[in-house]
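Go ahead and model the full structure; you've got the sequences and the hints to work with.
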Amino acid sequence: MIASCTSFITSVAAQTTAIGLQPGETDSATSAIVRVLWLIPAIPMVGAGLIALLKQPMRKTAAGLAIGGMFCSLLLAIAAFAHVLGTWGGGAPTREIVTFNWFSLGSSSLQLGWLLDPLAAVMLVMVTFVGLLIFIYSTGYMAHDENFTRFFCFLSLFAGGMLGVIIANSILLLFMCWEIVGLTSYLLIGFWYHKPSAAAAAKKAFLTTRVGDIFFLLGIVWLFAQTGTTLFYNNGAGAIEPASLAALLGQPAALGLTAATAIGLLIFAGAAGKSGQLPLHVWLPDAMEGPTPVSALIHAATMVAAGVYLVARVYPLMSAGAQAGGSTVSLTVVAWVGALTALFGALVAVAQNDIKRILAYSTVSQLGYMMVGLAVGGVAVGMFHLITHAFFKALLFLGAGSVIHGCHDEQDVRHMGRLRHSMPFTFWTYLCGMLALSGFPLFFSGFWSKDAILGAAHSWPVSKGPFVLLIIGALLTAFYMTRQVGYVFFGTWRGHGHPHESPAVMTLPLSILAVFAVALGVLGTPAWPWFASFLGGSPLAFDLHAFAEPGLLPLMGFATLLVLFGIGLGWWLYIRKPMQRPTHAPAHLHVSEHGDEDRDEEGHEYGEMTDVLESASPTVWGWLAHRFYFDELYEATVLSWYAALARLARWFDSHVWGALVRLVSASFRGLGWVNRSMDSQWIDGAFDKACDELVTSGGVLAWLQAGRTSAYLRAMVVGLLILVALALVVGTSTGQVRL
Amino acid sequence: MISGIGIVFLLTAALTVAGALAAALLRNLVHCALSLTVTFAGLALLYLQLDAQFAGFAQILVYIGAVAILVVFAILLTRGAGVQEYRSYGSRWFGSLVIAAAVFALLTWAVVKSLPAGGAIAQTPSVTVQSIGAALMSGYVLPLEIVAVLLTVALVGAVIVAMPENKAKAIVEKEGGQ
Amino acid sequence: MTPLVAFLIVAAMVFAIGLAIALTRRNAILVLIGIELMLNAANLNLIAFWRFGSKPEALTGMMFAIFSIAVAAAEAAVGLGLVIAYHRHSRTTDLEAMTRMKG
Amino acid sequence: MSFVTTLDQIFVLLQRWIAGFFPLWLQPAVGTILGVVAIVAAFPGIFALTTVLERKGLGRIQNRLGPNRVGPLGILQPVADGIKSLTKEDIVPLSADAVVHFLAPVVLVIAVFLGFAVLPIGRNMVLADMDSGLLFFFAIGASTELSIFMAGWSSRNKYSLLGAMRAVAQMISYEVPLLLSSVVVVMITGSLSTVKIVEAQSGFTGVFPHWYVFTPWGFAGFVLFTIAALAETNRSPFDLPEGESELVAGYFTEYSGFKFALFFLGEYLGMFSIAGFAITLFLGGWGAPLSVLGFVPSWAWFFVKLFGAVVFFIWLRGTLPRLRQDQLMNFAWKFMLPMALLNLLVAGAWRFMGEGWLRWVISSAVLLLAYVGLGRVLMRNQHLGARSYRYAE
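Protein chains in written order, with the working numbering: chain A, 1 to 739; chain B, 1 to 178; chain C, 1 to 103; chain D, 1 to 393.
Among the clues, some could well be false.
Reference excerpt, derived from the structure (chain D facing chain B, CB under 7 Å, subset only) [to be verified]:
hint : residue
1    : S132
2    : L135
3    : F136
4    : A139
5    : A142
6    : E145
7    : F149
8    : L192
Calculated pairs, BS3-like style, for lysine-lysine (alpha carbon to alpha carbon, straight line, at most 25 Å) [what the hints assert, rightly or not]:
hint : chain 1 : residue 1 : chain 2 : residue 2
9    : D       : K84       : D       : K56
10   : D       : K334      : A       : K55
11   : D       : K56       : D       : K88
12   : A       : K195      : A       : K55
13   : B       : K113      : C       : K55
Label-pair restraints from in silico Cβ distances [said to hold, decoys possible]:
hint : chain 1 : residue 1 : chain 2 : residue 2 : range
14   : A       : M716      : D       : K158      : 39 to 45 Å
15   : D       : V377      : B       : A14       : 49 to 55 Å
16   : A       : T61       : B       : L142      : 52 to 58 Å
17   : D       : V377      : A       : G49       : 19 to 25 Å
18   : A       : L218      : D       : L368      : 52 to 58 Å
19   : B       : S114      : A       : G658      : 46 to 52 Å
20   : B       : L25       : D       : L368      : 38 to 44 Å
21   : A       : M58       : D       : P321      : 40 to 46 Å
22   : A       : Q56       : D       : M379      : 24 to 30 Å
23   : B       : G133      : A       : A42       : 26 to 32 Å
24   : B       : K113      : A       : L257      : 50 to 56 Å
Hints are computed from structural coordinates only; laboratory data are not their basis. These figures come from a predicted structure and were not determined experimentally. All C-beta atoms, glycine included, are put in the ideal place defined by N, C-alpha and C.
Take a look at the structure:
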């Protein structure tokens, strides 16, 4: 404790002597773009504030503000990106920071700040770009919602928070923006709060992420207590720079972990909560209750990536103390959790029927991939998959949205089909996304990013377990995506009315995203590892011999085979023979008379067509379809325990304390009686009266509880008096108090 | 034992204490409030003697100008103006007096024991209003903000509390409805 | 110049009287008055210590007093508001009668 | 020492000369006492003049002659009034709270007189140049409310009590904009000392003075300050507290004879002091209105301005009808307060926008827009026109 205090004080002193820069006057090293970097999150936030002031019917203004602000941020982000590109090639990642005093209490001052490095630059461009596209898409998708303006207000606020998370150079600032993001996610999931399911989902998301955030906060506080700074990088005085990392490694924490490991794990818990890792994934699928653009923006592209980004940001902390070729405890944990999540998500996704839920679970699984990539292959691997995934998953979600839009808000894949004719544009773009996600060889970004992860996992020294899990996950991914496409775009039309293609404002973003989903791959091929060397700041060279290195090509081939097998299996099961609407209608339903209006929200109207696998083995299917009964598990364990605890507390309160109170009151009543009998000799009406009051009030409750303020006051003062007198006397006698 | 007490000080101190005593002993509430203002004024004068001009005037402005008026209003609104407060010189009353006396004794004992009579006198500090303002805006800005928030909250809260229930409820519901 | 002790003793007197008011009087408003008096005594102490302190230019005590004046104002406002509300609710400002929290 | 400066400093020299007769250690005290005597002598004199001026002026406005019997043109009317009020019987109601009833006017007059201590009447002519003089003035002004309450409450008369309540409520409400509108000046000057404030306005560009009233925020502040001052002094149109038609004479209904005269005096002195502060804050204090008029002694300028202000007040009284209580409060809280706050912002912006015409345009535009907007909002459902009586029909 003392040590931490002293280290805190010294580091604070160091900070105050170090650059305490106002944003205005930074040192010459930081360039103009870095100094105005704060504008990138500020603009959308201000936009959100302005939109909040607008009236409901002012839709155009709202959309204009949101998109305009996002566009400005995009331009700034591109400028920042270009700036980083310009400084590339030093052999190490260039990092420019701006630090300013938030406030100072006495001598100590709390410093916040932002930074620009390749990692942040890439994320900035990705988030602003995808965000912009999704904003544009939303204008079409939400066109008929009467809370249009509110929607865009929340979206802008979210974008601001997310960008803040990206550029934050202080873990505290990051946490603030993190919470803004969480809040907006809550607001947007519950955007249609009149739907009870949506409201419940919003609550669930908020609370589940809270669980992670508490650990995160603990980590922050611990880190601050240990290093005395919340800044990541601060010219050597930062929290995750070698100096303080060494100190952290020196600090032993509980059960043989170093402080670094413990803090890393705490922070990872926060990340896991935000980006739906096992066991905190439960909120993510339910979050699909929100409007589809929200699912695309928040729960596929950006917010869930925030957790991954956080891990990448504190990577030095995570990997602190790793020997060459070795791993650290925290990284191992990350790897295993990620791998399990990846497999879990893929398994569950197989058995879902809601088009968005399938994508949601695929997101969960992909996030697992990213975590594994970070843990086993370093920042570049994980981040690369994050970027590519952001694009093609956004594409998939927007495509799904377009499908839902086209099928009159039908979300159940069993009630779709043959859409490739009615919505060809959506079909082709969706196909791009699907192939990218399932990692179709060579031409799709997903292939390269996922292959990098697999390769890294394969050569991971600690264990081959994650690799195996990921391999199975990859197979399943290809399979369930094919299954979904088969359900949605092939077979026969099993839905209502006539599906129609979506307006251009929705399809345009789709095409753009599709292009990126395909093209981004070239940035991360082993032969030309642009992304990795950009993040690493190392010079870039093109050589095909990279393929020749042992074990790479076989692995690629293996992965390719897996993918092809998965796709083939899916094709065999779901596309080969077109699926028909089941002819047998259950007794309680009559096909002909039922219109749209009287179907329950699941959309059951026909006898549910049983999935091929379901008929194959119902039990397994049941497990998958019920997501391994995770929700039920929590229902049975955490919640019920909590309720039991509450009941126990209530019982204790009413019986034990109540009994005590009654006891006291009885004793005081006796006392009062004694008093009275004594007073009856003396003629002291006031005292008598006091005793009367005492008795009566004692009858109601304990005399202490009589609620006579003056009595309380008197008792308080007497107690205080005695204490102070004691303190003075004892203190003076022992010389601790010098009077 | 204590040397060098100015006559002005004695007068103001007497005024202050007398006012306080009157507030304690008078039976008419309004008289109590008025004598309280005398105490406040006396304290302000003491501040002035301590070269704390700003604090002194702030004291007058806040206490005499606002708090005293508020108290008087409260007395009138609670029909307390004319009534002679019932008082029983009962055991509790004496007990309270004893307690207060004990507190006073303790404090005085500590003071007299701890401080050398006729303490070292610092030269008149050169504290201008500018310096106070600068301090408020630089070193003490966070407390200032917090106090500002506190005052706002207290203002709104007092209004809501003192408002007739149904009205307050209506307003709260209207706000909550948004 | 009057020594510090004198100021402190005056402050002690005011504090004790305020305490006596808060303890003996039964009218809630008067109790509030007593509390105000105690606060004022504390302020007097603060300013006296500031004046006689080693370096008055630091303004610490003065600031403390000013802030506590502000807080006292807020406290008075809320307290009196409560008294008025309670009086409206149950026609009394007698602390002895204010024994129920239930409305 | 030139003649002009001598004339300008005549009173200061006089004070020094008289004080010169006393031993050195007494001189400061004597100087102060002389200043006090001067003030106590001068302003009641002005008060006497003002009463006759007001009565005659109001008479003219109301198309009658006003006092014209005592002395030539009724000039000696105040003397007669004084004698009358001194010789009249001093009635104290039986049930009244005698002590408080007596203290009230005394406290009022003392408080009001204290206010003049920090008023710079001329160059080097201020009784106490305090570092926080403005704050002092407002603190004193705050304590006059108490005396009014004492008067109203102690008379045990419902009219008095109502009047006092009205007065206190009104004074508290208008004290806020009064303070805020003068804070603007403090912000720009960077000092609470009245002398410094006047000196800050003593410059000239060309022949025109640097009075604060000639800046956008200054003008707004001046208007706000004047309105609030009218309300603070319970002058018409804010004279509800003593609205004869409603509550006889408000809080001094039960006062007669000398005490009544004291209240009367206190009211007018309050008006003088607050007008003096309006002059000090916005109208350049004792500064000459044109640089070429610099030869006129400073105190003369001050009194000329004061006279102008008083005439203005009288004119208003003769012209404007009385407000209703709700109108009064709405005006204070919904118009004056926001405008004053906005004015603070504008002044701050002005301080940091640097020289140039731009800041003039911006600040004027902001204030004008706010004025129009607030006015419209307040007037939205105020159907002006023939007044409708809810109960008496």
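Contradicted hints - numbers only = Failing hints, ascending: 16, 20.
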